[in-house]
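First to last, the sequence lines map onto chains A and L.
My numbering numbers the first residue of the first sequence as 1 and each following residue consecutively.
My numbering numbers the first residue of the second sequence as 1001 and each following residue consecutively.
Please note that a few of the clues may not be correct.
Unchecked claim - Negatives, chain A to chain L, calculated, CB over 12 Å: (1) 70; (2) 103; (3) 197.
Unchecked claim - Here are some, though not all, of the chain L residues that point toward chain A, as calculated from beta-carbon distances under 8 Å: (4) 1077; (5) 1111; (6) 1256; (7) 1265.
No lab work stands behind these hints: they were computed from the structure.
Heads up, the beta-carbon is just placed ideally off N, CA and C, and yes, glycines get one too.
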Amino acid sequence: MAMRALLIRGGVYLFLFFILVFNLTPFFWMLSTSLKTDAEVHAIPPTWWPRQPTLEEGYKKVLMWTNFPRYFLNSTLVSLSAAFISTLVGALAGYGFSRFYFPGRSFLIGILLASQMLPGVLLVGPYFKMLAKIGLYDSHLGLILAFSTLTLPFSAWMLKGFIDTVPHELDEAALLDGCTRLHAFIRVIFPLITPGMVATVIFAFLLAWGDLLWALCLTTTDSMATVTLGLSRLVTQFRVIWPQLMAGSVIAAFPPMLLYLFLQKYLVRGLTGGAVKE
Amino acid sequence: MKTKQRSVDFTGYWFILPCFLLLLGVLGFPMVMAVLNSFAPIWTKGLSNFTLAYYRKLFNDPIFFNSLLRTVYFVGATVALHLVLGLLVALALNSAIRARRFFRVVAILPWTVPDVIAGLVWACMYDPLSGLLNDALHRLGLIASPVEWLANPRLVMPSVILADVWRGYPFVMLVLLAGLQAIPREQYEAAKVDGASALHEFLYITLPNLKPLIAIATILDIIWQTRRFGLIWVMTEGGPARATEILSVLAYRQYFKFFNFEYASAISVVLALILLAIGIPYIRAISRRI
């Protein structure tokens, strides 16, 4: 019996070792390639560890010779704006759904949840036409509005869940003190749902940061591109310069990585609609 | 809570107004336009000339049907692998192991990478001459000459699927791990007393407890995978010879590369209907808890 238990434990560790290798190899290769020279990348057979790790070829060139810093700035601006709009509007909607009963409430919640199912390719075409008509094509505002809205169902639903846990007596007390509903919301609810709002800000940020489709369809000028779009354009050039591309990827992957690790438990709760309680 | 009668209050509309204005503008209006556009060239000729011709063309078009089958293949394979790998890793992490926090972080790490960047990194590893994969296989004596992972129409789909599985399975793992940790210890203790084997414990305690979470993770994953675009676009742009052209890529190319707005809209509408059909059980399940 003890022998069998030991065997099972050994099997578990062996499996986890394989998972470790599988999960980390792409990270290793990305870092390794980003530290090589272009000449070394084309050496045959390929080297696994850079012979002389250097920042000059990958990092310096992608930062100095390409528009990458601009892409990074664009992504930061667009993602942050979308994240804050989505969270603010989502918190208001969450409060509306959590505290009030009005005709059509469950129908509207159904619409809200169903809107998450719509594929981007269905919406992005007409949205592009619409932006072109009102002169917002190739602008960041068009992207910000798109990302704010795409993440709204998640934000509203998640924040409704947080607001549900705040006792009604608290806002009622504020109303008795002469606050308006909006004041009660801002003074009483806002401070209490801060963790939820942090989670939705990060989630919306990540979605906007990782998107390619909308940025690809709604911008055209190189200086308007986001990081993912900029990087994807580097790969479709005639010759891919891997050290630069991987250096850019390392930099672009860094902010989401930090945020995800911080956010994981809220994400699971939000995405599964509260079916998981951690 | 339930017994307390709550009165109708129209103030709620003010709070949800901004949300629904945005939804209307960015989702609602484009959706209606896309549906109309799939019946008529509304952007050039307005609302006249309604016709079913685009759908007729669609259902007689082998390119569309092949793309549909490819989508089923891509989504089916990735979701199945996400589930199997996610469940196995969740079970391993839930057992009594050392350094659990470390393994947990490592297990989640791929999911933190945007799918576009995951695609780029795997494309770099798949590079026939300078990539890691061919070199590793060559050193192990498994291949004699470089394999063209992304240029060979027969290998490209499995290659793209592998890259996607790497990035996608940690989410399923996270959900299932949370589910495993929520199963009451007493159930296992009772089973131990009754002399149940590990397999029986898994089949009669673990799986039934996980069932609702497996269902939700599967539906969410199917929806995300059907909409997947960035990873495939940066790795292959749907090629070679359409071998990885799933519906989202086909619709994008028809709209933005060939300007067949009506045809592209018809493809997207079909795609949306499929997604809504899959997503309705999920919405029902969540709405029931309101």
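Tested hints:
No Cβ of chain L approaches the Cβ of residue 70 of chain A within 12 Å, the least distance being about 17 Å, so the stated non-interface status holds. A Cβ of chain L approaches the Cβ of residue 103 of chain A within 12 Å, the least distance being about 7 Å, so the stated non-interface status is violated. Listed as outside the interface, residue 197 of chain A is consistent with that label: its C-beta sits roughly 15 Å from the nearest C-beta of chain L, beyond the 12 Å cut-off. Annotation: interface hint on residue 1077 of chain L violated; nearest CB of chain A at approximately 17 Å, more than 8 Å.
At a threshold of 8 Å, the smallest CB-CB gap from residue 1111 of chain L to chain A is about 7 Å, leaving the interface hint in force. Hint on residue 1256 of chain L holds. Least Cβ distance to chain A is approximately 6 Å, under the 8 Å limit. Evaluation of the residue 1265 of chain L hint against chain A yields a held restraint, the C-beta minimum of about 7 Å falling below 8 Å.
Checked against the numbered hints above, the structure violates hints 2 and 4; every other hint is satisfied.
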